[in-house]
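Turn these sequences into a full structure, and let the hints guide you.
Here the protein sequences line up with chains A and B, keeping their order.
Each residue of the first sequence is one higher than the one before, starting from 1 at the first, in our numbering.
Each residue of the second sequence is one higher than the one before, starting from 1 at the first, in our numbering.
Everything labelled a hint here was simulated from the structure, so no lab data went into it.
It cannot be assumed that every hint is accurate.
No more than 25 Å apart at the CA atoms, straight line, and that leaves these computed lysine-lysine pairs for BS3-like [claimed, not checked]:
no.	chain 1	residue 1	chain 2	residue 2
1	A	Lys176	B	Lys11
2	B	Lys11	A	Lys127
3	A	Lys250	A	Lys84
4	B	Lys47	B	Lys121
Stretch-level coverage of chain A by chain B, calculated; a stretch enters the list once three of its residues show a Cβ under 8 Å from a Cβ in chain B [to be verified]:
no.	segment
5	168-176
6	209-220
7	233-245
Ideal Cβ positions, reconstructed from N, Cα and C, are used throughout, including at glycine.
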Amino acid sequence: MTTPMQADQKDIRFIIERQDGPDQPTYTEEFTVPYRPNMNVISALMEIRRNPVNANGDKTTPINWDMNCLEEVCGACSMIINGKPRQSCTALVDKLEQPIRLAPMKTFPVIRDLQVDRQRMFDALKKVKAWVPIDGTYDLGPGPRMPENKRQWAYELSKCMTCGVCLEACPNVNDKSSFIGPAAISQVRLFNSHPTGAFHAEDRLEALMEDGGLAQCGNAQNCVEVCPKGIPLTTSIAAMNRQTTLHSFKSFFGSDKGRTGSAVEA
Amino acid sequence: MATRRDYFSRKVHSLLGVIPIGLFLIVHLSVNYYIVDGVESFNKAAKFMGSLPYLYFLEVTVIALPMIFHGVYGVYYAFLGSINTNRYSYARNWMYMLQRFTGVFLVIFIAWHVWETRLAKLRGVEVNAEMMQNIVDNPLMLIFYIVGILSATFHFANGLWSFAITWGITQSPRSQRFMSYVSGVVFLALSFVGIRSILTFAGIL
Ligand code: HEM
Ligand code: SF4
Ligand code: FES
Chain A
1 MTTPMQADQK DIRFIIERQD GPDQPTYTEE FTVPYRPNMN VISALMEIRR NPVNANGDKT
61 TPINWDMNCL EEVCGACSMI INGKPRQSCT ALVDKLEQPI RLAPMKTFPV IRDLQVDRQR
121 MFDALKKVKA WVPIDGTYDL GPGPRMPENK RQWAYELSKC MTCGVCLEAC PNVNDKSSFI
181 GPAAISQVRL FNSHPTGAFH AEDRLEALME DGGLAQCGNA QNCVEVCPKG IPLTTSIAAM
241 NRQTTLHSFK SFFGSDKGRT GSAVEA
Chain B
1 MATRRDYFSR KVHSLLGVIP IGLFLIVHLS VNYYIVDGVE SFNKAAKFMG SLPYLYFLEV
61 TVIALPMIFH GVYGVYYAFL GSINTNRYSY ARNWMYMLQR FTGVFLVIFI AWHVWETRLA
121 KLRGVEVNAE MMQNIVDNPL MLIFYIVGIL SATFHFANGL WSFAITWGIT QSPRSQRFMS
181 YVSGVVFLAL SFVGIRSILT FAGIL
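Laid out in structure tokens, this is it:
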């Protein structure tokens, strides 16, 4: 293994896994980028875009990648950097081992090069109704207040930027399984803890109990290790296990269901 | 409309892993431990187990059917996952991997073990200490049994840890860590009981 970047080194080497389009074959291409202090992976990719010539001196196409905020809050720039899924905007070149290896995340369909389509994550949020419905024909007035200690942990959960890193690391998210992934499960906990969001708590729990939902979690706990926002995903998963279990007991034994779920479904 | 078969099966699988299969494992290893007091003691204990009322009914409902469900769903579930300990070598991910490897190995081990002992009884062979002694006289079989016992104790102990999450009992990182210590103690204790018994059968202890 080579050492981290020294300030006096002139060039940075990149080995990048590329793909020209969704169903195209993958190939790797090497690049050298002149070193500047305080570079991140994105500024290096911009450098390559300015002068798309690979390490052999051959002219090539610029590399495609996704980005928005450039401050690790949007999640768009996630990719595999030296084997680990993370955001390229906060991946500082000075802190990375060389050569720097970039590849797209494998969990999502590749659009081109390092750009992937995270649609499945947004579909998952829709499926579990990860919002607080307040729209109506009249003003609903202010909602109930939220206890401060609850607000504090809920705030941590709200930092999720649907970056997809937790799905990428999860051994149960793969093409054999339909597992929804840790991020959406944690969002159910967030929106169920909200005093107004709680009106729809049961809908969200039922969405999690469908095939490909919470039951597919195998407790490998990689998600909590890799989440860049430090979201306590495994606590959320266990909490949703408890909520769905209680919910299923309540709807089977309890009295607060005039009509059963299956009668409505039929 | 999407179904909830996954959710239901997964909960049944989890519950059966502890009750009754896990409890049966504890009873089974404890009865075997009588061999440490000598052959007679073991034979008496085995005879007592064999004389329980409704034996066939109990064997089928408490052992066979739960094992078959847990085993079949377990194999299906294990192969839905993938192994990525190369890239993500966190302790819990290794446990995840071992839980699946031991599970699949247990299918082979338990099938063999049942064939060699309980089904031999149906074929008219007497199940007693001598039978086990003959089996583990063969060093390869002894190794097979040692790996089988350790797989079962690991799988059960680590299964207790994930059971507590599957049912939402341990939520905080602290309680989950505490549970992994509990699981470690269960693993060591049951492994001691199991290994000491099998080595005694083999005449090594
Ligand atoms: C000695 C017999 C066995 C015992 C005592 C046992 C016990 C358990 C327990 C207590 C769990 C935890 C349930 C949970 O995670 O909620 C578990 C999980 C599991 N078992 Fe078994 N089991 C046995 C045999 C098997 C067999 C033969 C297989 C077949 C592959 C298997 C596959 C699995 C799998 C894949 C899990 C993982 C569940 C998870 O972590 O999400 N088990 N087992
Ligand atoms: S939970 Fe963390 S790793 Fe997963 S999508 Fe949200 S921010 Fe990314
Ligand atoms: S560009 Fe938004 S997280 Fe990197």
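To see whether the hints hold, each was checked on the structure:
1. A/Lys176 with B/Lys11: holds, 21 Å
2. B/Lys11 with A/Lys127: holds, 22 Å
3. A/Lys250 with A/Lys84: violated, 42 Å
4. B/Lys47 with B/Lys121: holds, 13 Å
5. 168-176: holds (count 5)
6. 209-220: holds (count 11)
7. 233-245: holds (count 11)
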